[in-house]
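Trainee: Just so we're aligned: the sequence shown equals residues -28 to -1, 1 to 770 in mature numbering (1 follows the signal peptide of the UniProt record, and there is no 0).
These are computed hints drawn from the structure, not numbers from a lab. There could be a bad hint or two in this list.
Claimed, not checked - Derived pair list, reagent style DSSO-like, types lysine-lysine, alpha-carbon separation capped at 27 Å:
1) K515 <-> K502
2) K452 <-> K431
3) K315 <-> K493
4) K700 <-> K722
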Amino acid sequence: MIWTLPLKPSVLGVAVAAGLLLCPSTDARKLRSEQIDFDILDFIDPFIGTANGGHSFAGATLPFGMVKAVADTQGENQGGFAYDTTHVTGFSHTHDSGTGGASSMGNFPLFVHPSCPDDDIANCSWTSSDRAVPWNRDSPGPEARPGYFAISLENGLHADMTVTNRSALYQFQFPDGTGTSPVVFLDIIDLPQSRNHGTAWVDPETGRLTASGNFNPSFGEGTYNIHVCVDFHGAEIRDTGSWTNRSADLGQSTVSVTANSSYPASQYSAGTFVRFNSVSADDVISARVGVSFMSVEQACSNGEKEQPDFDFEQTRAAAESAWRKKMEVITIDAEGASTELQKVFWSGAYRAMISPQDYTGENPLWESDEPYYDSFYCIWDSFRGIHQLLTLIDPISQSRMIRSLVDIYRHEGYLPDCRMSLCKGWTQGGSNADVLIAEAYLKGVIDVDWATAYEAIVKDAEIEPYNWNVEGRGGLRSWKNLGYIPKNDTDPGTEGLRTRSVSRTVEYAYNDFCIALMADKLGRADDRDKYLERSGNWRNLWKEDQSSAINGVDTGFTGFLQPRLEDGSWAYQDPIFCSPLLNFTSCYLNADGHETYEGSCWLYTFFVPQDMATLITTLGGREAFTSRLSYLHDSGVLYLGDEQAFLTVYQYHYGGRPGLSAKQAHSYIPSQFNTSVSGIPGNDDSGAMGSFAVLAMLGLFPVHGQDVYLITPPFFREISIRNDVTGKIATVKAKGLDAGYENIYIQSVKRDGNSWTRNWIGHDFFAEGGLLEIVVGKEESDWGTRLEDLPPSVSEYA
């Protein structure tokens, strides 16, 4: 067998046969009843990761919600609001979370002037640079909570916001009154200033503002159309009009903008406005914003249907309820754990459910009865943690997302590796939707058309698209004939960025391995054997005599992955290149982006989760492997802020040292994960960093693409997760865990009362429920160290 996952008859097989798998333990049920007054939302801080390049979305959203309302700031505003900024430029309703690169969406922001100087509309500021106002850091400072965001500006405005799935509701208050007439206006622009053309209208009778525009995606090709509809409540209309750049036109109800070479979007802006009669202190002007990717009419309908009464507190309460429902599947016994760690845990789970975004019913590209999710931004990041966490805590949403990916394949011909705002995003490495689909199949995700899903991943492996910058794989001729992607690949007839030959080779190999796993379970032996053979192609880039030095000093390790040319000869990339130690930011999607992506050859040499036994032998055996892995973590070569690093924290399991995995996890949490606004390493990447923290603290870390969880002690005395498909509860207990986390080494494990010596476990534990009892101590033990207790590998361990 290519991949043996036998369950010991003396352990689980007998229990299954006898029907003895545990339902929720008495202790777990008791824990829930004791925490009836506990509000999970008090332990979620949306400001974590909103500074220092984290780009986390801090505003109001539902779980996987399409509409995301927040105050947009100047500077590094990929998530809209950034804590390490000073000025607000508007309040917008569409955002992504944690992404790198250019800012994303932020279409049609509203802005509010408490009044215009001298009560003259001509004296108001209109463009984003002119109108920017400092926000107050205290008295009161900004407030964020799931489903809610609030901020005060130095111009006297206080803004609160909450959301439904397709509409936002803003409350604008003026604690000192306005004296004269407040102005609320809409701008036909987005955060990256990518607008191609747009039109805005105002109804002078009702004050309704509507707009449509065409924009570019922030990390992909094509364009998208989006529409908004703004209705007001709470104040009398004085007059309306439009504005262009620095000029206002009272009474003008329509304004349009198009691309203009003389005035790019960053310098040319326009919109419509409503001016109200003066309001008293603490009076509220409410603005309901319906959003649609279909039409202005549907945008208006979305607002009217989802928030007919402008009831802010009711909408906010519904949003909070939606978040509590998502979170209540998890229960922890936090006795002895700091509030800081609890907030890291719950906030991480929260951020993992901000995206992908549910656009079902809002896809103008094709008609379908299937769900449509967007902002897979990007699967290259999310396939290593986010979707594994969702499979545990929200398997129904994970099913809908997999179905959406398959439906994208049906209508666009390939699975995406990245997607945002209805557009194809750039592919960063392999065709990693293959990994998500195969893993979902192995773990029994429900309601998916598996025949079409399998067809999709096989197409990725066999048929090269014309433009593999945005889908599929490039270099398939070389992949099939040479067994690697050469640095000077000349695969003809297609278009793609011919860089990243090393990282693409190892990712393609793993993509093929995941296809082999699915083929094996489907009974497709020929496919299984073919893709299993290709999964070993990483070996073709192994250069056994390649040394590595840091600051001129040899590291003492020899043998690394290296690029090769089409003729089989070797090229060269310094093994530490693209690490924090050498040209860290050189390996992106640029024409000279080199042979690895966002990581070094040091890092990518470890990416062989399909055949760790062979890798360990190749690196010199278990002791040499462990020594090299520790050097990776301790030398500064590794950066945990890129998702390829996640699995390396736990690869000690394969070398028979699971205790070192636990030690490594505690070295990163809380040192790089805390509750500060800079409390994550790097971009949050749609919640990837948050998902890593949660999975690490759970103590069962998933190997992406496989039915394997690597066991370490949880960070809490007890954690329970309810599966909303099966209704079963899986509980992990840590006996002997201390508040100072000195006892982090597993001494023994029992599963449902029976000894469990393997250092890994399968997904059936979560699907069927049960109890995993982990006894911990201060020193490493021999638990999980025998060859037969190591995680599965294609080859036998030596």
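Trainee: Indicate, hint by hint, whether the structure satisfies it.
Mentor: Status of each hint after checking the structure:
A hinted pair counts as satisfied when its Cα atoms are at most 27 Å apart, and K515 with K502 qualifies at roughly 25 Å. Of the supplied pair hints, the one linking K452 and K431 holds, its CA atoms being roughly 14 Å apart against a limit of 27 Å. Our distance criterion of 27 Å between C-alpha atoms is broken by K315 and K493, whose separation comes to about 40 Å. At most 27 Å may separate the alpha-carbon atoms for a hinted pair to count; K700 and K722 meet this at roughly 19 Å.
Violated hint: 3 only; the structure is consistent with all others.
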